[in-house]
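Asker: The lines below spell out each chain.
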Amino acid sequence: MNIASFAPLAVVLPILGAALTFLLVRQSRAQRTVSIAVLSLTLLLECWLLASVWGGGTSAVNIGGWLPPWGIVMVVDQFSSLMLVVSSSVSLAVLIYATGQGMADGDQDAPVSIFHPTYLILVAGVSNAFLSGDLFNLYVGFEILLTASYVLMTLGGTGPRIRAGVTYVVVSVVSSVLFLIAIAMVYGATGTINMADLALKLAELDPGTRNLLHVMLLVAFGIKAAVFPLSFWLPDSYPTAPAPVTAVFAGLLTKVGVYAMVRTETLLFPGDTFNTPLMVAALLTMVVGILGALAQSDIKRLLSFTLVSHIGYMVFGLAMSSVAGLGAAVFYVAHHITIQTSLFLVTGLIERRGGSSSMDRVAGLAKLSPLLAVLFFVPGMNLAGIPPFSGFLGKLGLLQAGVQLGTPLAYALVIGGVLTSLLTLLAIARVWNRAFWRKPEDAEHPDPVLLADRADSARGVRAGKSNVTLLPRTMVGSTLGLVIFGVALTVFAGPLFRVADRSAVEMLDRTPYIQAVLGEDVPVPVLSQPGPGPAGDQPAGGQERR
Amino acid sequence: MSVNLTLLTVMGALYACGIYLILERSLTRVLLGLMLLANATNLLILATGGYAGLAPLYNKDTAPGEYNDPLPQALILTSIVISFAVTAFMLGIIYRTWVLARQDEIQDDAEDRRVAKTPSFDAEDDSVIPVETSEFPLTMLGTDGEGISDSQDGASGASGATVKVGDRKLEADETASEEQPGSLNVTPPPSQEGGGR
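In the order they appear, the protein sequences are chains Z and X.
Under my numbering, think of the first position of the first sequence as 1, with each following residue one higher.
Under my numbering, think of the first position of the second sequence as 1001, with each following residue one higher.
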């Protein structure tokens, strides 16, 4: 039985769930139950997919029975299934957090009832992008998740969110148009958009054309992944959204861009044509991003800048195109999705407990809520790369791979990586010192809720509603769950690193992917000679060029 | 592969106008620009499908090479639907901007401006001695429980803050070096809790 036959369910289940929750707009309890149940079911399915490809092997399914170069293909391999499991776990935690927030505030109004269907569609889009085996389906996956993210970004339609939403929507649409232009050019040049088929046919193209297509795709994905010169939009738009929305965006959306870049580099355009520019971009992303973080006084904005900065590590690992580098990058993506999301969730809690996410206003939280301090401290140190956490292990893997490569540029990146890690620690320590350790009286503009009596500080007053629970158990519980998941990534780093390395071997080899899609008897050209690939006995091209 | 020159020219013109429009500050023009870009891309995809006049439908007498390629048209349909959804959403945003701010313009990020205006001098990180915020003030240095005195308190020091140590005053910067285990200046702390706080 082909395991990949069940892969489309990872997309279909959330969409069906979205339809169902849309019908239940008036019953918020049923809506919550349905969306959590659907997402848990999807997560179970994806865990099963991951377990079945854990030891190796790639499988593909042809949707609707159309044969590969023509029809839509979904491919399950170690990288995609690992991404699916991590992203679904994170989305489930965020969903529970969001329902907790909704319940605590007693929100029954329209914008929040639209949250559940939109959120499930976002998850479907992310799954579709991870599973997609052809470029246009990847584009559709991107569009599904982007359209859902537009709605989530502007949830409630307040002034700042609309302002941020405009930036976000325009930049995303422009990047999608670039991606679509790239697809049209790829189709014009090769007559196919199936990625496995492209892997064979792009090698036959003239180098000039191939470089043009390569740059187009990298720029389109670079905007989505927020790689340095194209990252300007992210810190502007993410911080204004509601806390759970920012958390899920920070965890997933940029990583889908990174995933697409990995596929482009390893499957479509192997060889090292663009490794040097990618390495320079990675270095600039790391350093410029973290310097931006140091200038911020709002915790959400600070975290958005660290998010940009740490994308640089993944691009670094990708640009080395060695098994060690790519394996470490895969591990780093899994680590960063979890950690960055949990930090944003904790910031949401800080905002609830301390009344603000601005470091000028929040203070003394370590005494008011020690649990919150622990919840911030663990992922914070993890992000900065303090041993023994997974952030340290991922960075160590990247640095080792950089030293192995041994070029001057790789050494520059190793130094930049260490520097970025130190500056991340500085940024996190600033948040820690100001929000958790100093006394509320010493803050520039302390929030009244911090100065309130300890007796009645567990409940506070928020915008017209009296007696709001400041730290609802569901929200703290889901954040705690995600933090523990992050620690589990550290504990099980051994097996995780092994599966990441195996997936890197398979991706750099390309043969398993191409043969899983196009059939066992397709000869795959050896990588070191990117000359004309053999025409072979593969199925005739999707389209005769005229 | 031959391309229809008219369509190609139209596509170029649409791209040029679209890029010009999205650089405007008015939201409605940005939206028009995005629509033009999307339509120009649709024409580009159409151009990859080959020239006009090929058979669109199946006929058993037609040779396989004589059929039109259906895939670009399927791609265009999908992208039209997507750009339709995005356009509708953008219109919603524009209307909302109008309701909220009574203007059809892209607005500046206030926090961005604020951070840009922040001086590089940060009182907490860069001043000579930070205001003591810990739970354990340095009162162990003083014998009379007065502990740290800031310059604002009247007892003026050269660099702003002095610490009274026994019977002499130390510059605040130097107190750290005095806090050695063997230092003569360290005397048992006063019995009352805390400093002058």
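Hints are not guaranteed to be accurate.
To be verified - To be clear about the criterion: a stretch of chain X counts as covered by chain Z if any three or more of its residues have a C-beta under 8 angstroms from a C-beta of chain Z, and this derived list gives those stretches: (1) 1055-1063; (2) 1069-1079; (3) 1085-1095.
Unchecked claim - Rough simulated footprint, nothing fancy, chain X against chain Z, three-plus residues with beta-carbon under 8 angstroms: (4) 40-53; (5) 169-175; (6) 179-192; (7) 291-304.
Hints are computed from structural coordinates only; laboratory data are not their basis.
Backbone N, C-alpha and C define an ideal beta-carbon position, used for all residues, glycine too.
Asker: Counting residues of the stretch 1055-1063 of chain X whose CB is closer than 8 angstroms to a CB in chain Z, do you get three or more?
Answerer: Result for this restraint: violated, n = 0.
Asker: Test coverage of the stretch 1069-1079 of chain X by chain Z using CB-CB distances below 8 angstroms; three residues minimum.
Answerer: holds (count 6)
Asker: Can you tell me if the stretch 169-175 of chain Z counts as covered by chain X, using C-beta to C-beta distances under 8 angstroms and a minimum of three residues?
Answerer: Satisfied; 4 residues make the cut.
Asker: Using a Cβ cutoff of 8 angstroms, are there at least 3 residues of the stretch 179-192 of chain Z near chain X, or does the coverage claim fail?
Answerer: Check passed, 7 qualifying residues.
Asker: How about the stretch 40-53 of chain Z: do at least three of its residues have a C-beta closer than 8 angstroms to a C-beta of chain X?
Answerer: Three-residue rule not met by the stretch 40-53 of chain Z, so violated; n is 0.
Asker: At a Cβ distance under 8 angstroms, does chain X reach at least three residues of the stretch 291-304 of chain Z?
Answerer: holds (count 5)
Asker: Quick one: see if chain Z covers the stretch 1085-1095 of chain X, three-plus residues with Cβ-Cβ under 8 angstroms.
Answerer: Our answer is that it holds, as 5 residues pass the Cβ test (under 8 angstroms) against chain Z, meeting three.
Figure legend: structure checked against the earlier numbered hints; hints not met, in rising order: 1 and 4.
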